[in-house]
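Trainee: The residues making up each chain are set out below.
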Amino acid sequence: MSGSTATLARSPRSMAWARRGRALAAFWREFSHSRAGMVGLVFLGVIILLALLAPVIAPAWMLDVTKLLDSPRFAPPSLEHPLGTDDQGRELWVRMIWGARVSLLVGFAATAVSMIIGTVVGIAAGHFTGWTGGLLMRIIDFFLVLPSLILAIVLSIVLSRGVWTIVIAIGLTSWAGTARVVRAQTLSVESRDYIERSRVLGAGHWHIIVKHLLPAVLPLVLANTTLTVGSAIIAESTLSFLGLGDATLQSWGSILKNSMDVSAATAGYWWYVLVPGVAIVLVVLAFTLVGRAVETIVNPTLRSR
Amino acid sequence: MSTTVPPTEAVILEEQGEASVRSSPALKYALTKIGGALISLAMVILLGFFAFKILPGDPVAKAAREHPMSPEQIAQLRAQLGLDKPLWQQFGDYLVNVFTLNFGESYVYKQSVASLIGDYFWNTILLTGTSAVIAITLGLWLGQKAGWRPGSRFDRMTTGTSLVLWSVPTFWLALLLLMVFGGTLHWFPTGGMVSPNPPDDTLGKILDVISHMVLPVITMVAVVYAQYVMVMRASVMEEKSADYLITARAKGLKDDDLRTRHAVPNALLPTVTLVFLHIGGLIAGAVTVETVFSWPGLGKLTYQAIQGPDLPLLQGTFVVFSAIIIFTNLVADFVYRRLDPRVRRG
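In the order they appear, the protein sequences are chains A and B.
Quick note on this note's numbering: the first sequence kicks off at 1 and runs consecutively.
Quick note on this note's numbering: the second sequence kicks off at 1001 and runs consecutively.
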């Protein structure tokens, strides 16, 4: 489709879009051959659909404790209670579906923050030489080494409680890996002749960064994004588990926190511990599989292996 | 202070490293690395001031909102906490406190933060150190086996297991192990570091601590070793296609010799830096693992500080954790130099 528009109007812009369309199609062809990547993608699609349809599948009143006074507490999984119930008689499957919304939202939002910082700092560190680049590199290395969980804990405790604090805390502490990859790619692109040509023709920093560097690093950023969403979801659950989350919201981490509060692990309420954890593992694994498949395609050094 | 410490340390390190040659590249290398570590430490301290003194806002104003106070009381409290001074003076006080390891008094424990950290420090080192050694050994060994024959059944199994374990939240695995081996099977104690009535003899005491360590160590190893597997696997795979290995193979060397004597030592080099880089992940694991198994270490202290919230205690553990990581990375740089003659020659 994009190919036909390019033949009609041959402006550089439409040609560029046609080229991007073809590249995307080629990318999809290659991705669809990766079995692990496709399994992950389909699984994530189902989970996202369930999360979006939460109000339809499980109306919000099902979480209202005042309406569940005669529902059994700690009922093990059965036909009547597919995933069992919790300490307040709520169905675990209802909490899981609602929890998916918060866990995924935090995962995606924190990743967006992390990717924006990582890309900007990474390109700047690779593009600007001398003093600025050196300083940025030092900062990247510093954040790479620093224990990100501890820093996220510190941030979420000194800022006001809430989902967005968690998002900022995770985003601000997880960008360094991306910045490093982006910087390496920027350096390798910078040494190519077409950048030199562009510079000789009078292109400024902004032009080179937006027109040449950004398109060259974006595929790597995409691969990193899918991998980072997984670790952001783990980070969210860890912070919630430590009691730093928003207690009024359902997330997979806060469900595990509740299970710890009633000592579910030692009291024999195994489903209360098992269900949220398995959900986290499966979703993170799915993101990892998709991310690795994308990485194999966009990173030429990993190809043909 | 920073101008006097590095040279002496550098000289010691240099004398240990290359006894005979007093070459300037070695000194320069040591100075750069130690200087870098000191800059990182300075950044941690700066970050600490920003996070604990500026971001939280005025603690007195917050307290006054909760319990009504007279203006005199407010002024007195501000003076007591040093908040009436200008910002640069507060920063000066903060610096003096950090360098004299005076992190103030913990609200929760009613005890000085420095002495608390001193009490718990070695417990964390024991736990994370043991886990690190096991995880690194296991990860590197599995990684080189898997990377030597990519696509084999062993490789697929190792990579698969690593990916799954990598996706597991540390604290959940800890809860799971606690549930199965502590709660249901009663094989291991469910928490703490020593039994309520520890045995009298030394051997019994050691075995008692070890039995308390088993579950936390398994958790930390399981979550961390996967990264080492992946790094080592990729590194061996890259070495495999190197020219010198083709030559060695053409000479008729045995496959096992090829791997253990030629490929692995070279593949280890790029791995060293990454191995130490992941120590941060291990430290993060310590917070949740120590919380779940109530191991009396810095991670447990951090958890207590969150529940308070106990900002002086949190600040103390934050600075100490960061310092541990900066120190291990400095060690990594020197180990790397010992291992790789190319870096040594500069």
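I should point out that these hints are in silico values taken from the structure, not numbers from a laboratory.
Take the hints with a grain of salt, since some may be wrong.
What the hints assert, rightly or not - Selected chain A positions facing chain B (in silico; Cβ < 8 Å):
{"hint": "1", "residue": "Leu149"}
{"hint": "2", "residue": "Ile157"}
{"hint": "3", "residue": "Ser198"}
{"hint": "4", "residue": "Gly202"}
{"hint": "5", "residue": "Ala265"}
{"hint": "6", "residue": "Val273"}
Remember, predicted model here, so these are calculated numbers, not experimental data.
Beta carbons are placed, not taken as given, at the ideal position from N, Cα and C, and that holds for glycine.
Trainee: If a hint holds in the structure, say so; if it doesn't, say that too.
Mentor: Results for each hint:
1. Leu149: 4 Å, holds
2. Ile157: 5 Å, holds
3. Ser198: 33 Å, violated
4. Gly202: Cβ of glycine 202 of chain A sits 38 Å from chain B, so the hint is violated.
5. Ala265: The hint holds - alanine 265 of chain A has a Cβ within 8 Å of chain B, the shortest such distance being about 4 Å.
6. Val273: This interface hint holds because 5 Å falls under the 8 Å limit.
Checked against the numbered hints above, the structure violates hints 3, 4; every other hint is satisfied.
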